[in-house]
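In the order they appear, the protein sequences are chains H, C and Y. For the first sequence, the numbering used here begins at 1 and goes up steadily by one. For the second sequence, the numbering used here begins at 321 and goes up steadily by one. For the third sequence, the numbering used here begins at 634 and goes up steadily by one.
In short, the hints are calculated from the structure, not lab data. A couple of the hints might just be wrong.
What the hints assert, rightly or not - Now the in silico label distances, taken between C-beta atoms and shown as ranges: (1) H:Pro98 / C:Ile429: 52 to 60 Å; (2) Y:Pro1032 / C:Gly623: 26 to 34 Å; (3) H:Leu27 / Y:Ala1003: 46 to 54 Å; (4) H:Trp99 / C:Pro349: 38 to 46 Å; (5) Y:Ser707 / C:Ile491: 41 to 49 Å; (6) H:Leu212 / Y:Asn787: 50 to 58 Å; (7) H:Ile292 / C:Thr411: 44 to 52 Å.
As the list claims (entries may be wrong) - These stretches of chain C come out as covered by chain Y in the derived footprint (C-beta under 8 Å, 3 or more residues): (8) 455-468; (9) 511-517; (10) 546-552.
For each residue, glycine too, the CB sits at the ideal point set by N, CA and C.
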Amino acid sequence: MSKHTSMALRRPSRLSPDRLRVVVPILALLAMLVATGFLQPRVMSYFGFTLLLRYSLPLLFATMAQLCILVVGDIDLGIGPFVSLVNCIVASWLADQPWLCGIALVGAIFAYAAMGAFIQYRRLPSIVVTLGFSFIWLGAALLVRPTPGGTVPDWLIAATGFRTPLVPMPALLAIVVAFIAHHLIMRTAYGTVLRGIGSNAAAVERAGWSLLVGRALLYGAAGFCGVLAGLTLSGLNTTGDPWVGAQYTLLSIAGAIIGGAEFSGGIVSPIGAVFGAMIMLLSSSLLSFLNISTDWQLSLQGGLLTLVLALRTLSVWVGK
Amino acid sequence: MSSFRRWTATHSWIWSFLGAGALMIVMLPFLRGQGIEQVGQVAIQFATFYVMVGLGQMLVIALGSGNIDLSVPGTITLAGFVGLSVSSGATGTLGACGAAVAIGIGAGIGNAVLIQVLQIPPMIATLSSGFVLQSLAIAFSRGASAVPSPLLQAISVHRFAGVPDLAIILILASLTVGLVLRQTRFGRTVLASGQSIRAARLTGLSVNSTIAIVYILSGIFAALTGLFLAASVGGASLDMGQEYLLFSIAVVVLGGTAISGGEASPTGVWGAALLLVLSVTLLNILGVGAGVRFLATGIIIVGVLGVTKPRED
Amino acid sequence: MNEPLTIFPNTPAAQPPPAIVDMIGVSKHFGAVKALNDATLSIAQGRMISILGHNGAGKSTLIRILAGLMKPSSGQVSVPVRSRDSEPFGPRQARAVGIRCVFQELSLCDGLTVYENTKIIHPKLRGIGWQNKSRSLIRAALDDIFPGHDIDANQLVGRLSIGRRQMVEIARAFTVTDAPIRLVILDEPTSSLDVTAADQLMKFTRLIRDRGMSCLFISHRLREVLEYTDDIVVMQDGRIVDNLPMSSAVSESILVEKMGSVENKIPDAADTVASDKKRGDRVVDIVANGASKSLHATKGEVIGLAGLAGQGQRELLLQVLAASRRTMPGHKVIGRASYVAGDRQGEGVFPLWTVADNLSIGALLRVSRAGVINLSRERALVARWCADLSIRTPRAKHPIRALSGGNQQKVLIARALADDPDIVLFDDPMRGVDFNTKAELYGLVRRMANAGCTFLWYTTEIAELSNCDRVYVLRSGMVTDEITRDALTEERVISASFDRA
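Take the sequences, apply the hints, and build the full model.
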């Protein structure tokens, strides 16, 4: 394998995996925007964009949460129910008992960090553990709010619907999030160590770094992003629903991976993940503009994910 | 005592039965009005479905190296809808079974192609194929009759001497899976690959075709689960497969099968299925809500992961 | 029984510079195997030391202990420079006193860039501007050691060739932030470097010696050893047997001779039973390619593959195995081949299974019909091979992990033989096997060969080659010598294993 990649290096192929990783999400998003504009010219305005990107914030944060987990080569099958849990906590308590709500949300973040530490300490596959925890999040959400309802304070609703001048807020925020995540994961010294864990954990451990701290920190960061996703979702929905987050598990995985993350090796791209999240969001609008039943939304999203990964495998073959 | 400990080290499935038995005893004082027989029957009825989907998942997990089938919910839902809508037609019950098996085979081949040809990691491959299946089910469900033919429903709930026919068939199927693992080249290859895929390849075992067959079997098991589950409750619904993903993995893990692969215990799957069903029944009897039930299931699974010894390499 | 050897045996006149690290009477056991036996070594400042020895001499164990990665079973490692005796000698302390290592297996993260990998070993590289600091550190080190290199510090390590990765790994060991460098341990540093880079590295080591740093290196290139080192430590069977200061009197042939050990003595050809069977049909034929000689084996022949560990012998075996299952250009293999792994735990044993399961898995075709195994025939097969190889197990259903290493290996050999193969590939299977078991297995190989089975036998023990009819010596993936049984001497094998050019 290594020999082949080195051979590919000397004559850089036009389809090298590194280049595809960056180019594919950008091109795909552009193509989707063009298609959307062509089908539905009214979208190409401030209000059109605001509407189109209305639900981008929770997805954006959920994707960032998944990205944190992917940094160490793990995967999180519980982020969807976790977003539901946060939504239920916010809708039940934030208005009347803000302190309780704050404590619960901080506790949820710590629970996520503990889950990461548990995975590292027992050397368990993340997929089974996060799947088990997904039931705990869902159960907790149902305990907090057995049926949809509750109220979300007006300030949160106003904040998520805030109108920034010229560029709609979701787009602005996407840029800010991309910048911050890129800085933290790709440019800080410790972010580099964390990506090193995903790439060659033994070597990083030999250099004196604690894998336990690293995993706990990343999972904690994922929990924090999950809380942000739940908060923004609450602001948009203005109510709590224990089942509302279910879709975010697939969407976040697909968004992060389409955005350039490898499933192993600590290779992630926060900026690409932002593009990936937008692609996932637009895919459903595009279907409705094309007059295709939204029944096929899951197919399209699952298919896109498969297609991107298949392209990567093919590009490795072509590179050889 | 020490000989018991030694015995349990290789027969860890016993724990799930002990757990199920303990739950049974705990439950006794709460059983007012309804007899233990009735509780047992309901438990077996639902345990049957957990086992049905769990056997396929067990084979996949036994392959080791991160193999897992996350397309189970999609397969269940699609097979439920397609199966029921066919069941009333000319071909009837047989056609429904045929359709379900065909869906299972299709899902399995799809997964195998994604994993082996396109080299997509199993969890991503099966996750996305699962969503494609789910959306096929959504599209199919529009205007399709999601009601089983009377014959199919009768078959799926028929009892023989108080035991559901399906449970008897599943016991036979579990025995068969056990025999296949023990006594066929295919079964030995599954277990060998799960322990050391390098050693298996160097020994000259046909690892690749075995992996493909296992995914196909898992698809068939999931599809039949979908068909009979839908038939026995009197209709298919779009979220019927949802919780079976966790349950399929939970019965494997709780049943004493190592998540790292290389071993498989059909007996343990039964014990774990009974344990899960009984714990849910107990919670129902206690009158707690769905939240506590999910919470308890999650805690049991995470707890078992916490106490089982990780495999040292 | 060994005289304590020091790098400076007799320097009464000048005050000897303080030692960087002292090993006193250090031993290391792995089960019954003594990998390192009562080694005493003092490494002084500003010396180039090379460790020479054939496979299993204890070189790797010695440097791992020096690097703090392995705890000695007995004896003491002390670092006079900073005497904090309360703290056990571990990787952290080794780093703190300035010991750096470059091992053969790379410890770089493929998913990170060159400068990011530099950061991993330097906790102090952080805060604003750490990237530029890291980039200039690694660039400076690369420029110092390999002037004219073409490595971009922003390149992903996974996209570099093996040679360039090795250069990065070496250069990274010479970067300094907090801890100074006193001793750099290089394990076969030039093995994957091209000639220019290897030369540059050796010249660089001379430069740093003048700055007071020391280098300890292992190399199979005798020319490098003779040209660049001050002291040569010769190891044999886990002991340090000689410690020569470099002088004009030291030559390649002296070194080759010193590396030979009593236990490695090859018995005379007359001692072993010569096989007298009809030869002729070639079953393995690998066409010469590049500088390599061609390799062939005939029916019933026992072919030895020698040379230092990791010189392409294993790859050769795997190629033959692959060629026996499908056609491969340049490789002609007739008949079925089966493989016996040397890395028992990694690619041989199925750890959850019993002896019987582990044995029969190789021959399931023989005891099954239409894919269904006939259990009684399987039992008979297992019983026959357990008896044939006198596998000492309480019963066939005993877990394989409860067996001794030697008996586990017998099971693996039985697995390969039970399928009645035409060609058996040995990937150094006798590693860690006790003496009596080895003797039994040697006899078995001879019996099977007389019955017409061909063996390709990679071994790291020179004495074992006496069981072979013909020996090929490999170096850097190429056949450098072909020796028939009568002409086989230890000197010739060692000589062909080391690069004398």
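Annotated coverage of the segment 455-468 of chain C by chain Y, confirmed only when three residues or more have a Cβ within 8 Å: Per the Cβ count (0), the hint is violated.
Y:Ser707 and C:Ile491, beta-carbon distance inside 41 to 49 Å? With Cβ atoms ~59 Å apart, the hint is violated.
Check, residue by residue, whether the segment 546-552 of chain C contains three or more positions whose beta-carbon lies closer than 8 Å to a beta-carbon of chain Y, and give the verdict. Not satisfied, violated; 0 residues make the cut.
At the C-beta level, are H:Leu212 and Y:Asn787 separated by a distance inside 50 to 58 Å? violated, 31 Å
Could one say that the CB atoms of Y:Pro1032 and C:Gly623 fall in the range 26 to 34 Å? At roughly 28 Å between Cβ atoms, C:Gly623 and Y:Pro1032 fall inside 26 to 34 Å, so the hint holds.
Is the hinted range of 46 to 54 Å satisfied by the C-beta distance from H:Leu27 to Y:Ala1003? This hint holds: roughly 53 Å between Cβ atoms.
Regarding H:Ile292 and C:Thr411, is the given constraint of 44 to 52 Å on their beta-carbon distance met? violated, 31 Å
H:Trp99 versus C:Pro349 beta-carbon gap, inside 38 to 46 Å or not: Holds: the Cβ-Cβ distance is about 41 Å, inside 38 to 46 Å.
Regarding H:Pro98 and C:Ile429, is the given constraint of 52 to 60 Å on their beta-carbon distance met? For C:Ile429 against H:Pro98, whose Cβ atoms are near 54 Å apart, the range 52 to 60 Å holds.
Chain Y over the segment 511-517 of chain C, status - at least 3 residues with CB closer than 8 Å: holds (count 4)
The structure does not agree with the numbered hints 5, 6, 7, 8 and 10 stated previously, though it agrees with the rest.
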